[in-house]
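Put chain B on the given structure of chain A with help from the hints.
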Amino acid sequence: METSLKLDFDKGTLILQDVPEALQPHLPDIRWDERTLTFRAPAYRYRHIVSQLRAHDIPYQDTARQFTVEPFTHQKLLTPYPYQTEAIDAWHANGKRGVVTLPTGAGKTFIAILLIADTQRPTLVHVPTIDLMHQWYTVLTEYFGQEIGRYGGGYHELRDLTVTTYQSAVMHAPYYGNRFGFAIFDECHHLPGEQYQYAAISSIAPFRLGLTATPERVDGKESRLYALVGECCYEAQVQELSGKTLSEYRVVTITVEMEDTERVRYEEARSIYLNFLKQARINMGTPRGWHTFLWKTSQTDEGRDAFKAYLTQKQLSFASTTKQEWVWKLIQRHRGDRILIFTQDNDTAYQIGTRFFLPVLTHQTKPKERNAFLNGFRDGTYSILVTSKVLNEGVDVPEANVAIIVSGSGSVREHVQRLGRILRKREGKQAVLYELISKQTGEHFVNKRRRQHHAYRTK
Amino acid sequence: MSTSDADNTTLIGQSSRHTPCAVNQNTMLTKDLLRYKIQKGQIHPEFVKPTDRQLLAIAEQLIAVFEASPDIQRATLLESSKHIIDSTPGTPIIKRGLEKLLLDRTEFDTEPNEELIAFRQKLFTETSRLLSQEHFEDYTDYQGKVSQIMADESSTEEVELSAKLYADLPSCQPVLTFNTLSAERLLHRYNAAQVQGLLLHCDTLTLKLADSMTAELRQLFKYLRFNQLLSTIRKERTDGKEIYQITVDGPLNLFYKTKRYGMNLANFFIAVLHQPKWELTAEIQFRNNRRSQLSLDESCGIKPISQQFLAYIPEDIQLFQAMLQNKTDDWQIRPGSQFLPLAGDFYCFPDYQLVHKSGVETAIELFHPWHQGHLIARLKTLADQTDVSLILGVSKELKKNALIAEALESSEYFSQFGFTFRDVPTMRALLPILNSFV
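For the record, the sequence lines run as chains A and B.
The numbering of the first sequence is the numbering used here, which starts it at 1 and goes up by one.
The numbering of the second sequence is the numbering used here, which starts it at 1 and goes up by one.
It is worth saying that the hints were derived from the structure and are not from the lab.
Be aware that a few hints might be false.
[To be verified] Stretch by stretch, here's where chain B covers chain A in the computed footprint (C-beta under 8 Å, at least three residues):
1. 6-12
2. 36-50
3. 82-90
4. 115-127
5. 195-202
6. 330-337
[To be verified] Per label pair, the in silico range of CB-to-CB distance:
7. A:Asp379 to B:Gly90: 41 to 51 Å
8. B:Phe255 to A:Ala93: 23 to 33 Å
9. A:Lys329 to B:Ser162: 14 to 24 Å
Built from N, CA and C at the ideal position, the CB exists for glycine as well.
In isolation and in its complexed conformation, chain A is listed as follows (with noise of 0.2 Å):
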């Protein structure tokens, strides 16, 4: 009897038994595994090695894939614009995989569901928060008309169609990996980080989508997103779009002056701050700066100090008295808009939170809350919330069109995302953004830093 060769799935890899020897050249991804006196590979090898044993007609066995193609039909006529169509043709020519990169606003779900019905096969959506996977959960079901699966934040429903969470991907990946046809990677570029890749590694899935805004990553990994997605195949900038899928907008940077009291308070702290990096020989502007500021400062007790003045002069800087009303006389000015209130801690969100009456949206909000906000701002009941860092990505918020950042990191792809909250294309809508900067403070430079991005170069 001709033993062919075997194909399985085991815990994000696959096996394979009676390899060939003559094939084996062929299969670069395969090594023998003494544990279990098998050959073995990573499972999103396995496109490779199935056209590899097509192209070489040998006979094979395949048990690891355990999807087939399903007929996703969504329920609505969608008609897409022109540079979504291109997008979609870019994907397909790329051979059903790569990164499709388009501004926030832009419509990538609506390509990923037209790419669900090309595609036909099981889905799984990888999103990085779990408000982003309900989100997706609800437009989901509304194309598709199916029950939907949700996997994190508390869900365990496997579904042909379901949404998962990248953490809980990394863990529950080498359980499911073989069962989706089909990965799609939402805020793709969080993708490279040291866990989250192998939610990528351990699944089979031959075809495979990457959406972002901003696919560069700061340690340089995407080109490991590249190798485990596709390369991008289809790229536009947010100045392309502004005024036709997406709104106009302006960026208002306002420069607010400390109070006294205050000024002398984030002076002295700052000092104390800048004397111990000095005495310590502490560069913050090197990748270990930070870790080794924290372990210095836990040291001695001239450091503890140097720590809480740290946290004071920054404190300050990120919510002054002057910082706060600005935030009312932007909330006067903007009486009848849908406003959001970007801050770069959950104290300050609060802060603001308690002294202005206003709806909080943190990680610490709970589920239904949390849906009770995001709802009664999207029909009008609450015309503003106020939100530390939950709202960045993704979360769809299309009526909102004034953005108060009151304070934020160095990080351009946080700012490019705040921004992407509130160009949503609504008829007659103009979005801006408000920056609010201390004057003479450290927040000078962050703010400089983060307008490199060419979305910040408005016309």
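Then chain B, alone, in the frame of chain A:
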């Protein structure tokens, strides 16, 4: 304190949803709380002395604060423990580590406060309406108006409004239970957590065991399987003594120097502590730093931190024993307790040993859906081996996998010495195989 009291802990406060065991095993120290030195490529965890009087006194003070914590808010509890950390002598990072371990044993009430949620909904609907419809040049006018509305609606005083608004944030959550332990046990737990914290940053660990031919091994292999790890077992002779070398890692380690299984390896370390003589080596790497080697053995003196099962007969064995004795008095069953040599210098560790009254012995290895990795290899090895007495029990769930089903079907060895089972092995399937040995 004897090692057997590892889990003799008391829950303080209301009844907990967690078992003490579960709470203990999830306890880890974060990177910033680890203490170690790296010298010449070797990483040395800085353990505390569990007999250090000063540290024991501090640990007792911290435990006392946590024991008194049920119904107290998180922020108040942290303030009290911070006071001890700041006002007692000694290294703060150690004290913060002890605090972290105690916090991991504390359960907070995280249920949503429906009353407050309803209150916020009412308030925000009002403030949104006010801010959309009216212009307030002065903030205090707005504040006054909101307070007046809420006072009319829900008799909430102005001063209370701000304090009440977000009074259910984590810092305000009350403690439900605290899983207490002795000060000495806490210091041992701290030392174990130092090692576990390092193992989170390794990809493979190697274990050498001597004098372990007892039920402790059974526990070790249970931990291995539950943690979804793979192992290679080899025997070597050192100074005339037989030593088993077990290399432990995960499936993807064949391709990547990944710390993907760091958490599994850290959890596995709990079982290592039950072995009488052990030697552990692992390469630790923090982010992109250079690798350094961790070498430890039983002389580090860390006491086991989980329940030891030496005297305990697991429920599955009890059930198996009862079923066997119902059918026959000829065979006695006991937990697996020794390595079984296989071809190619490999070893397996069977689940059960069976002894016939005539002295004939055999062993059973069971394959459940959660550890199928070795099954096909085992069938291959046994196909060419005639000098081993091993019965294979395979879960029927595994037969759903066509490859396994085919491997079982075509295995002559399995047709003679194998059986399938649904939940637990049945005597109807097992006895005919057992009797074929006598």
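Hints, one by one, checked against the model:
no. : hint                             : result
1   : 6-12                             : holds (count 5)
2   : 36-50                            : holds (count 6)
3   : 82-90                            : violated (count 0)
4   : 115-127                          : violated (count 0)
5   : 195-202                          : holds (count 4)
6   : 330-337                          : holds (count 4)
7   : A:Asp379 to B:Gly90: 41 to 51 Å  : violated, 56 Å
8   : B:Phe255 to A:Ala93: 23 to 33 Å  : holds, 30 Å
9   : A:Lys329 to B:Ser162: 14 to 24 Å : holds, 21 Å
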